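Chains A and B supply the protein sequences, listed in that same order.
Numbering (this note's numbering) for the first sequence: -14 to 502.
Numbering (this note's numbering) for the second sequence: 1340 to 1616.
Keep in mind that the hints were calculated from the coordinates and are not lab data.
This structure is a prediction, so every number in the text was calculated from the model and none was measured.
The reader is advised that the hints may include incorrect statements.
[To be verified] Within a straight-line C-alpha distance of at most 20 Å, the following computed SDA-like cross-link-like pairs (lysine to any residue) qualify:
1) K211/A to K423/A
2) K1479/B to C1425/B
3) K1479/B to V359/A
4) K1389/B to D299/A
5) K1389/B to E462/A
6) K304/A to E462/A
7) K480/A to Q247/A
8) K1389/B to D291/A
9) K423/A to V378/A
10) K1389/B to S244/A
11) K1389/B to E367/A
12) K1389/B to V359/A
13) K304/A to K1479/B
14) K214/A to R204/A
15) K423/A to A132/A
16) K304/A to P329/A
17) K304/A to G258/A
18) K211/A to Q247/A
19) K423/A to A272/A
20) K1479/B to T348/A
21) K1479/B to E382/A
22) K315/A to S244/A
23) K1389/B to D289/A
24) K1479/B to V378/A
25) K1389/B to K331/A
26) K218/A to Q40/A
27) K1389/B to G300/A
28) K331/A to V278/A
29) K423/A to E463/A
30) K1479/B to Y341/A
31) K315/A to A72/A
32) K1479/B to S353/A
33) K218/A to D171/A
34) K1389/B to Q245/A
35) K1389/B to G484/A
36) K1479/B to V379/A
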Amino acid sequence: MRTRTLALFLSAAVMSTALCGCGGQGTAGTGSDGANTSQTGGEPPANELTVGIAQDLGDSLDPFTMTAAGTREILFNVYEGLYKPDASGDFIPALAEDCAISEDALTYTFTLRDGVQFHNGTAMDAEDVVYSFNTCAATSVDSSLSAALADLVSADVVDERTVAVTLAAPNSDFLAYVSSVYVVPDDYDGQTTAPVGTGPFRFVSRSVQENVILERFDRYWGEAAKVDKVTCKIYEDGNALMTALNGGAVDLVCHLTTSQVQGLGEQYQVLEGTMNLVQALYLNNAAAPFDDVRVRQALCYAVDVDAVLDLTADGHGTKLGSSMYPAFTKYFDDSLTDLYPHDPEKARALLAEAGYPDGFSMTITVPSNYTPHVDTALVLAEQLAAVGIQAQVVEVEWNTWLTDVYQGRNFETTVVGFDAANLTANALLQRWTSGAGKNMISFQSSEYDALLEQANAITDDGDRTSLFRQAERVLAEEAANVYIQDLADMVVINKSLTGFQFYPLYVLDLSQIAWTA
Amino acid sequence: MKKRLSGRAAGPTNWFLYLGAAITLVMAALTVLGCFWTPYDPGAMDSLSKALPPCPAHWMGTDNFGRDIFSRALQGMGATLFISLCVVAISGAAGTAIGAVTGYFGGWGDEILMRICDAITAFPSILLALVILAILGPGKWNVIGVLGILFIPSFARVARGEFARCRTLNYVKSARLMGAGPWRIMVRHILPNTAPVLLPAVSIGFNNAVLAEASMSFLGIGVGPADASLGRMLSDGQSYLLRGLPWYALCVGGTIVLLILGFSLLGEGLQRRKPAF
Chain A
-14 MRTRTLALFL
-4 SAAVMSTALC
6 GCGGQGTAGT
16 GSDGANTSQT
26 GGEPPANELT
36 VGIAQDLGDS
46 LDPFTMTAAG
56 TREILFNVYE
66 GLYKPDASGD
76 FIPALAEDCA
86 ISEDALTYTF
96 TLRDGVQFHN
106 GTAMDAEDVV
116 YSFNTCAATS
126 VDSSLSAALA
136 DLVSADVVDE
146 RTVAVTLAAP
156 NSDFLAYVSS
166 VYVVPDDYDG
176 QTTAPVGTGP
186 FRFVSRSVQE
196 NVILERFDRY
206 WGEAAKVDKV
216 TCKIYEDGNA
226 LMTALNGGAV
236 DLVCHLTTSQ
246 VQGLGEQYQV
256 LEGTMNLVQA
266 LYLNNAAAPF
276 DDVRVRQALC
286 YAVDVDAVLD
296 LTADGHGTKL
306 GSSMYPAFTK
316 YFDDSLTDLY
326 PHDPEKARAL
336 LAEAGYPDGF
346 SMTITVPSNY
356 TPHVDTALVL
366 AEQLAAVGIQ
376 AQVVEVEWNT
386 WLTDVYQGRN
396 FETTVVGFDA
406 ANLTANALLQ
416 RWTSGAGKNM
426 ISFQSSEYDA
436 LLEQANAITD
446 DGDRTSLFRQ
456 AERVLAEEAA
466 NVYIQDLADM
476 VVINKSLTGF
486 QFYPLYVLDL
496 SQIAWTA
Chain B
1340 MKKRLSGRAA
1350 GPTNWFLYLG
1360 AAITLVMAAL
1370 TVLGCFWTPY
1380 DPGAMDSLSK
1390 ALPPCPAHWM
1400 GTDNFGRDIF
1410 SRALQGMGAT
1420 LFISLCVVAI
1430 SGAAGTAIGA
1440 VTGYFGGWGD
1450 EILMRICDAI
1460 TAFPSILLAL
1470 VILAILGPGK
1480 WNVIGVLGIL
1490 FIPSFARVAR
1500 GEFARCRTLN
1510 YVKSARLMGA
1520 GPWRIMVRHI
1530 LPNTAPVLLP
1540 AVSIGFNNAV
1550 LAEASMSFLG
1560 IGVGPADASL
1570 GRMLSDGQSY
1580 LLRGLPWYAL
1590 CVGGTIVLLI
1600 LGFSLLGEGL
1610 QRRKPAF
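Could you build all of it, start to finish, from the sequences and the hints given here?
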């Protein structure tokens, strides 16, 4: 029996000592940055870049069937469309030099850039573009993209350098979708394992769960990439990634949290961007008491967003007031963030007016794998308690969340973040129209529906923008949800590197990154 | 034939019993205290006192939300002990009942029930609990139910052995001759005599329950964030071990170690007492 006691004691002790071991390792790693080639100052011996990424590119490397955001992020450097997004969210001509849109906005005539080569050496022509459009329409796993391409009547070769695309109905966001139709050679079938595109980097190799290697494509049509070679090292374990950072083994890591970037070595600097998603306490507008606008507004007044940012991310993150994040500079309305200042008194008054003078009980359902959302939910529960609302945080598996909350709409409130599948206002706003299948919160507003319908019916950019902004204001004034923040996205980068750019999309543009002399 | 519980042993002083009882008493006293009073509100967040190291104002420091870890540990111990008590109560009662019936009567009922117990034991219990909770969903009562059922075989086995052994002893035979029915014999005559064997089983079962609850909460399928149990706190704390908050996980882990150490020593001490016969 003595061994039994010992075993019990040990198993309990292991719980804390095993973790001790990790702590020690981390501390030991700090300061030993001799392995870093870039530390010597001046031009590093090799013009190479090592990027730490959190997941393998394990799904498929095919431009139309790759699903993981992490895969799309890296292959953004390998594939290009006729147009491509830039860091400010505009669409700039890439493989097309120019695009003429017919009067009825149904026909897009693209003039292709001359002398574009694929990574395998063949020249791009109109046949390749048409092939890409057709393959994308047939195989794309991006539902909004395939829905947009379903309206495609035809993509035709006009001559060697001209392609005409005809739509069944006008779509003022069509260029955004065009940028997702990556152009690939029509006579190459190895895309799933060895992608061939036209981008500034060409794919060299992938070692499973180890690394992905890209090299500069010397015959790139545009401005050539600054570094010769990029190695994306895969660290699927968060602790391993931190150890690599502490040891100086990587030059660039994106998507870190504020607590992860504390206490890093001196060779790094931390850049702060945003995750490009709308984190909110999403309210089931169809369920009592959230069907009462006064209750929803009371919740908005009860929540202190600044305190949420302070408690969960040391004050980092961007406050939001509606379903739009600031990377959409054109559509983001800063004034909405202060529509509901923190005012517990007003919240209580509104609750009393709505018939809940003593508050009520509610549940906040959160997917347990997203720590930032769980943390936010915990802080919100604490803040709501101050106005008499007893909020219980219920953690569920991601799949349970998808089926019960997102598809089943069987919830009271939930904290998650919604991102935009593409660079269109519709990607964020369309989902809240009354009939939308994705309208998880069952938000009903004829005014909102009318504004979006109007916006999508016209092509004038200024008018559209103002209509979208009005729609955002409706969401905020109706207090459809308690909007919280766009989470901070911390990027750790070697101090000698320049040219990192935050995009309004989940991509990592490697082409501009360079070592400073 | 009743034997009083005492630390007296033939031979050297039973330090296991004394030390175990002392640690357990202190932890129990702290738990009771935590039900009525904690130095701070365990849920109160404060952005100004985030991630403080242990200091006179906060004995175990504060966590990433500025909550007092000592207050939360006191409360968490209550949650953990409550779950463990319920688990031991359920599995102990059911296990003893099953063990008594199967051990006393034997026969095909014994075979069936014991094979079911074997089947349950054949699975790694944490894994089985994970599967069941994945289906039922996490939550305090689900954890209690699942662990309560999973722990039945260990009690049933011990009780069965004792009842089978006592069945043929003279005092049972005498009772039977005096006309006592089987239920009376089991409850009034045999059960009290199984205490020297059952009590250590209870203390070990209690240990296992504390660890199982902590493990499951650590794996994220135990209690929700609202009922902060020790395992849940350990799970929260471990992600901050490398990021400037090591005392969080260490303090909570230490609390679990003390809890279990106390009960283990107590169980060991109970085992080492002079045998009943």
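Against the structure, test the hints numbered earlier, and report the numbers of the ones violated in rising order.
The structure conflicts with hints 1, 5, 9, 13, 18, 22, 25, 30, 33, 35, although it agrees with all the remaining ones.
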